[in-house]
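Chain by chain, the residues run as shown.
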Amino acid sequence: MAHSGPMTDWRKAKLPVFAFLAPATILYTLFMIYPLIDSIRLSFYSAPSGGDLAFVGFDNYRTILSDPDWASTFWNSFWNNMKFFAVHMLVQNPIGIALAAVLSLPRLKFRNTYRTLIFMPTMLSVVIVGFIWQLILSPVWGVGADILDIVGLKSLFGPWLGKEGSALITLAFISVWQWVGIPMMLIYAALLAIPEDLVDAAIVDGASHFEVFWHIKMPLILPTVAMVSILTFVGNFNAFDLVYTVKGALAGPNFSSDIMGTLFYRTFFGYQLQLGSPTLGATVASLMFMIILAGVLFYLFVVQRRMSRYQL
Amino acid sequence: MSNKLLAKGLAGALAASVALVPLMAQAGDLVIESWRNDDIDIWNDKIIPAFNEQYPDIHVSFKPTTPTEYNAALNAKLSGGTAGDLVACRPFDASLELYKQGNLASLNDLPGMDNFSDVAKSAWQTDDGSTTFCVPMASVIHGFIYNKEAFEEVGVEVPKTTEEFFQVLDKIKEDGTYIPMAMGTADQWEAATMGFQNIGPNHWKGEEGRKALIDGSQKFTDKPYVDTFTELARWKDYLPDGFEAISYPDAQNLFSLGRAAIYPAGSWDISLFNKQADFKFSAFPPPAPAGSDTCYISDHTDIGMGLNAHSKNAKDAKVFLEWMTGPAFAELYSNALPGFFSLSNAKVDIKDPVAQEFVSWRQKCKSTIRNSYQILSRGTPNLENDLWNISAQVINGTLTPEQGAQKAEDGLAKWYAPHQK
Numbered sequence: 001m002a003h004s005g006p007m008t009d010w011r012k013a014k015l016p017v018f019a020f021l022a023p024a025t026i027l028y029t030l031f032m033i034y035p036l037i038d039s040i041r042l043s044f045y046s047a048p049s050g051g052d053l054a055f056v057g058f059d060n061y062r063t064i065l066s067d068p069d070w071a072s073t074f075w076n077s078f079w080n081n082m083k084f085f086a087v088h089m090l091v092q093n094p095i096g097i098a099l100a101a102v103l104s105l106p107r108l109k110f111r112n113t114y115r116t117l118i119f120m121p122t123m124l125s126v127v128i129v130g131f132i133w134q135l136i137l138s139p140v141w142g143v144g145a146d147i148l149d150i151v152g153l154k155s156l157f158g159p160w161l162g163k164e165g166s167a168l169i170t171l172a173f174i175s176v177w178q179w180v181g182i183p184m185m186l187i188y189a190a191l192l193a194i195p196e197d198l199v200d201a202a203i204v205d206g207a208s209h210f211e212v213f214w215h216i217k218m219p220l221i222l223p224t225v226a227m228v229s230i231l232t233f234v235g236n237f238n239a240f241d242l243v244y245t246v247k248g249a250l251a252g253p254n255f256s257s258d259i260m261g262t263l264f265y266r267t268f269f270g271y272q273l274q275l276g277s278p279t280l281g282a283t284v285a286s287l288m289f290m291i292i293l294a295g296v297l298f299y300l301f302v303v304q305r306r307m308s309r310y311q312l
Numbered sequence: 313m314s315n316k317l318l319a320k321g322l323a324g325a326l327a328a329s330v331a332l333v334p335l336m337a338q339a340g341d342l343v344i345e346s347w348r349n350d351d352i353d354i355w356n357d358k359i360i361p362a363f364n365e366q367y368p369d370i371h372v373s374f375k376p377t378t379p380t381e382y383n384a385a386l387n388a389k390l391s392g393g394t395a396g397d398l399v400a401c402r403p404f405d406a407s408l409e410l411y412k413q414g415n416l417a418s419l420n421d422l423p424g425m426d427n428f429s430d431v432a433k434s435a436w437q438t439d440d441g442s443t444t445f446c447v448p449m450a451s452v453i454h455g456f457i458y459n460k461e462a463f464e465e466v467g468v469e470v471p472k473t474t475e476e477f478f479q480v481l482d483k484i485k486e487d488g489t490y491i492p493m494a495m496g497t498a499d500q501w502e503a504a505t506m507g508f509q510n511i512g513p514n515h516w517k518g519e520e521g522r523k524a525l526i527d528g529s530q531k532f533t534d535k536p537y538v539d540t541f542t543e544l545a546r547w548k549d550y551l552p553d554g555f556e557a558i559s560y561p562d563a564q565n566l567f568s569l570g571r572a573a574i575y576p577a578g579s580w581d582i583s584l585f586n587k588q589a590d591f592k593f594s595a596f597p598p599p600a601p602a603g604s605d606t607c608y609i610s611d612h613t614d615i616g617m618g619l620n621a622h623s624k625n626a627k628d629a630k631v632f633l634e635w636m637t638g639p640a641f642a643e644l645y646s647n648a649l650p651g652f653f654s655l656s657n658a659k660v661d662i663k664d665p666v667a668q669e670f671v672s673w674r675q676k677c678k679s680t681i682r683n684s685y686q687i688l689s690r691g692t693p694n695l696e697n698d699l700w701n702i703s704a705q706v707i708n709g710t711l712t713p714e715q716g717a718q719k720a721e722d723g724l725a726k727w728y729a730p731h732q733k
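Chains as they are written, first to last, in my numbering: chain A, 1 to 312; chain B, 313 to 733.
If you're looking for bench data, these hints aren't it; they were derived computationally from the structure.
Glycine residues also receive a C-beta, built at the ideal position from the N, C-alpha and C atoms.
Honestly, I wouldn't trust all of these hints.
Computed cross-link-like contacts, BS3-like style, restricted to lysine-lysine with a CA-CA straight-line distance of at most 30 angstroms [claimed, not checked]: (1) B:Lys358 with B:Lys719; (2) A:Lys163 with B:Lys719; (3) B:Lys548 with A:Lys163.
Restraint ranges, calculated between C-beta atoms of paired labels, are given here [to be verified]: (4) A:Phe131 with B:Lys726: 35 to 45 angstroms; (5) A:Phe131 with B:Lys412: 30 to 40 angstroms; (6) B:Thr438 with A:Leu36: 34 to 44 angstroms; (7) B:Lys412 with A:Gly57: 20 to 30 angstroms; (8) B:Asn364 with A:Gly57: 47 to 57 angstroms; (9) A:Ile26 with B:Asn364: 29 to 39 angstroms.
Pulled from the structure, derived: some chain B residues nowhere near chain A, Cβ distances all over 12 angstroms [to be verified]: (10) Ala362; (11) Ser418; (12) Pro423; (13) Asp482; (14) Asp534; (15) Gly603.
This is chain A alone, in the form it adopts within the complex (with noise of 0.2 angstroms):
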């Protein structure tokens, strides 16, 4: 054409817009919205044994919700889950910040080697993992209460996987362990693409490496904590491996290791004598769901907009 302007451009760049976003959004709606949807369909059916599916509307959110034995096990998993949450955000995501600027120090060795290590365990399986730590927390065979032995706490020592008050907390902090490397990782390619003469200008300022990590490069780098946060709320609400590998679906002792993944597992599945049932169980999917995205939700409209951004 002899003469193209800005209208035309578009027009022509149309067809191939749609065509490379048509593979990306027909595979997403169907493996995801569609199933997504369709659970949430489910979630308002009830199926009596043998018979048919049949509408009834909010019923299976109000048994979850309402009848004292459903609501007491969906709360008791739900506060798990904001317990196993805050351990992660309280001990996993500050240490993985920590580690990331020990990692960013210029005169570091080895760095490559303790970045690998570190973040060797996220490459394993959950299912190694877990293994691994009920051997070495393990009362009879462990070497948990033999490594406490050298340093004198031995009598600290206990069955911390097996009793109700530590079950859950020890869960956490093993999946912490596994789990380090991935904050770890977002934050020091953060801290990687701060320009040296910001830093270089502060030292000559004469700002320690504390100050210049704490006033210049940690407002910096918020953004991406914000999204490693958000990250750990996803996941750790979707979290069901760990727990079902160590504990099974029953999550004891008592239901004190229960989050809302086991729970899930419990009533779509069913457990031992217990059937499962597809509509309750989708049902307490659909509630998953909403905790996740009012979580997702309040980040991106409280936390993301308030926070400010520096061009670098």
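Since chain A is already given, all that's left is putting chain B on it; use the hints.
Okay, now just chain B, sitting in the frame of chain A:
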């Protein structure tokens, strides 16, 4: 042009995958679903070859799942249409529900079903007894397996009464060489199955108490059940350190490595100990409380085999099931898997000495089954799962026996009419 090439490529890939499908599921390829993953060698090396001697054209493969995942996995596979042709049946309600959902076929017209007594079939029948949907395979008996050499070393005899039992445990504990009793509560089910259901029948008088619970004339808060929990709570002092975090395989290993003297057992543990323990061991029935003249044992109809109603190989599957009703299978199964006692009427000669000991209790004691299996686990909360949690907590000491009994009764009364009066 490139589109055409792509289309051709896709069509080729599709054709290839379609061509692969028949390779994966040939006609006459029977798949057995089971929770007995420990038995995989026995099925592959003994049972299936024995079947193939008679029926060489039917290929059978045994595809087990781990016990705790079995029911969930099977339900999911059945509703997704990917389950095997033959499915191992849990007794009573779990399988009854599968039959009601149309996932198990009726086996009323299967020749050979009259080789089983009504009691044996009752675990896999509709409530009115009109339809049987699984071939009864085996029952398991609870008791205590003990390390004979440890008993000699410490100088104790097999206990006959509950008090003697605790005296023996005390002596072993004083001696200090052995852990008195190998069990943990981490997996919860041993506390209920090898604990509560093992020693309980002596308190609630077997079938008498089990039926009284079903018709509502007895409650969990009654003496027999509180007594059972009280006895169970006393176990705590004799279990290994940190038993709260000891799992079922841990306990098995503690016993088979010779570190523990007594192991609360299901008879199915025999074959593992035969393989792993290098000391002599035997078994004794749950000791009865002083003054009782009859002993009761848990002789639980544990496993059957049913036909997936949607099986594409139903004809071959029925051939296999019919073979399973015969005396040859009964003999083979009971001896290949010592501790699983065939439910067939055929006379079976058991060769394993420990299994012989277990089965000999049938003559002197009265048999019953686990009280949570028939009817009482139909509602929510599920009684069997509740008993796991409660029994583990009673042993851990986080619930008193009275609180435990109350909790079991409350759960049952929530949905079961005879307990709501």
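Hint-by-hint comparison with the structure:
1. B:Lys358 with B:Lys719: 45 angstroms, violated
2. A:Lys163 with B:Lys719: Holds - the C-alpha atoms of B:Lys719 and A:Lys163 are around 20 angstroms apart, at most 30 angstroms.
3. B:Lys548 with A:Lys163: 14 angstroms, holds
4. A:Phe131 with B:Lys726: 35 to 45 angstroms: 37 angstroms, holds
5. A:Phe131 with B:Lys412: 30 to 40 angstroms: Given about 38 angstroms between the Cβ atoms, the range holds.
6. B:Thr438 with A:Leu36: 34 to 44 angstroms: 39 angstroms, holds
7. B:Lys412 with A:Gly57: 20 to 30 angstroms: 25 angstroms, holds
8. B:Asn364 with A:Gly57: 47 to 57 angstroms: 55 angstroms Cβ-Cβ, so the 47 to 57 angstroms window holds.
9. A:Ile26 with B:Asn364: 29 to 39 angstroms: 48 angstroms, violated
10. Ala362: Label holds. Min Cβ-Cβ 31 angstroms, cutoff 12 angstroms.
11. Ser418: 14 angstroms, holds
12. Pro423: Given that every Cβ of chain A is farther than 12 angstroms from that of B:Pro423, nearest at about 28 angstroms, it holds.
13. Asp482: 22 angstroms, holds
14. Asp534: 23 angstroms, holds
15. Gly603: 34 angstroms, holds
Violated hints, in rising order: 1 and 9; the structure is consistent with all others.
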